[in-house]
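Enquirer: Based on the hints, put chain B in the right spot on chain A.
Spelled out, the chains give:
Number of protein chains: 2
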Amino acid sequence: MSNNQELLITPIGTIRTPYGQKFAVPRQPGLAPHALGVIEFFKPYGAIEAFGGLEGFSHIHILFVFDKAPYSKFHATVRPPRLGGNTSCGVFASRSPFRPSRIGLSTVKIHEILKENGEVKIVVLGADLVDNTPIIDIKPYIPFVDAIPDAKGGFASEPPKQYPVIFSKIAKEKLADLGERRIKACEETLSQDPRPAYKDENDDKVYYALIYNRDLMFVVKNGVIEVLDVIKRGEPSC
Amino acid sequence: MSNNQELLITPIGTIRTPYGQKFAVPRQPGLAPHALGVIEFFKPYGAIEAFGGLEGFSHIHILFVFDKAPYSKFHATVRPPRLGGNTSCGVFASRSPFRPSRIGLSTVKIHEILKENGEVKIVVLGADLVDNTPIIDIKPYIPFVDAIPDAKGGFASEPPKQYPVIFSKIAKEKLADLGERRIKACEETLSQDPRPAYKDENDDKVYYALIYNRDLMFVVKNGVIEVLDVIKRGEPSC
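Taken in sequence, the protein lines are chains A and B. For the first sequence, the working numbering assigns the number 1418 to the initial residue and increments by one for each residue that follows. For the second sequence, the working numbering assigns the number 1418 to the initial residue and increments by one for each residue that follows.
Excised from the complex, chain A in its bound form (with noise of 0.2 angstroms):
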């Protein structure tokens, strides 16, 4: 079989996120339930009539695009940070950001749907997608037909294992301005463990996590995130 139809996809807007760049950004919708996101669209697909009876719907699936993950050519196979990072499996077995379409599907709670001078935009809660990743289409959750509570996961069965988190006296006062829901977001997000798929359990290494506009410097000891020191890089865009 050979291939020749192309699809020429224009984005529909755009999200707002804590995460200023790939590295920390939740490996799965809804890992970080404290994060907003905010959904802005362009011209003209903000319309309010494009979401009436969407207030009906507790959850929304975003496609979005990869566009921070370079792409150039077909690779089979991926290492997904699910295993361990060393180990592969088909790249149409995961879901990883290397694949051809270069689209991502996310699945989030929707947390209010704004309205301002006859524009939309949607606050969700959890979104595991990178601050300004470009978004394709917004399409209703419907349980009855997404919802398959015995599906098999494969080695994706289990939520990833998570980390306490813990805040140095600096880092807690540094943090402070940026309120209660926002540092539960922050916590959420670190005790994922954001670090490679194939480090050590235990590195020596001091890692910087951009959430908020804040560089997070955080190590890792015995099992337990520890953030040493938070350093300003603007304001929060959401």
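No distinction is drawn between identical chains; accordingly, a pair holds when it is met within one copy or between any pair of copies.
Think about it this way: if two alpha-carbon atoms lie no more than 27 angstroms apart in a straight line, the pair counts; the simulated DSS-like pairs of lysine-lysine are: (1) Lys1532 - Lys1490; (2) Lys1460 - Lys1490; (3) Lys1439 - Lys1578; (4) Lys1485 - Lys1460; (5) Lys1589 - Lys1439; (6) Lys1569 - Lys1526.
Source of the hints: derived by calculation from the structure; they are not laboratory data.
Expert: Chain B alone, transformed into the frame defined by chain A:
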């Protein structure tokens, strides 16, 4: 906000299904569970290594192109069959084909992963896609993030009503060579009532649904779908 990014997507394959045209395609996946579909991949995407690990998953998300639905201009609202065909809702509160991305999402059960001559084909159950629809991605369904049983489904909270289906003697005879499973799939498909949503409950029209390359001629009387005759157009594709 304005938009300056476009994404060119190349399909990775196509799906063979029983449905020769849009008319009579089930309006959600899983409604005709005896209908097998076969996803065939363009080279090099069908390479066996690209699917390693998929055998542990029971379901996949299919991203596909609504290539049978013409789309030239953004319409903020649609009239989904679910709302009776006369009431509109926002396009982003619907799973309508008439959407800017032209991308559909369907979650289906894996029936079998076939391997022939170094190439994979995936046999799935209950696909709600027209035969030969371009496929742009396959992703494993991960229950702990994708299955949200307490999600609210808005105006699509319940599966659509199903109708009893009866076959005339001559229709039965003409369908016999399809075999039991395919005949069951025809019944499940018709039981969704493929008529346009704005029909009268009891109209006098004769309809034709092209399933397995047979035109199933049917009428609806007193809430019962009756297949009067069958016209063979060719061999079934799957």
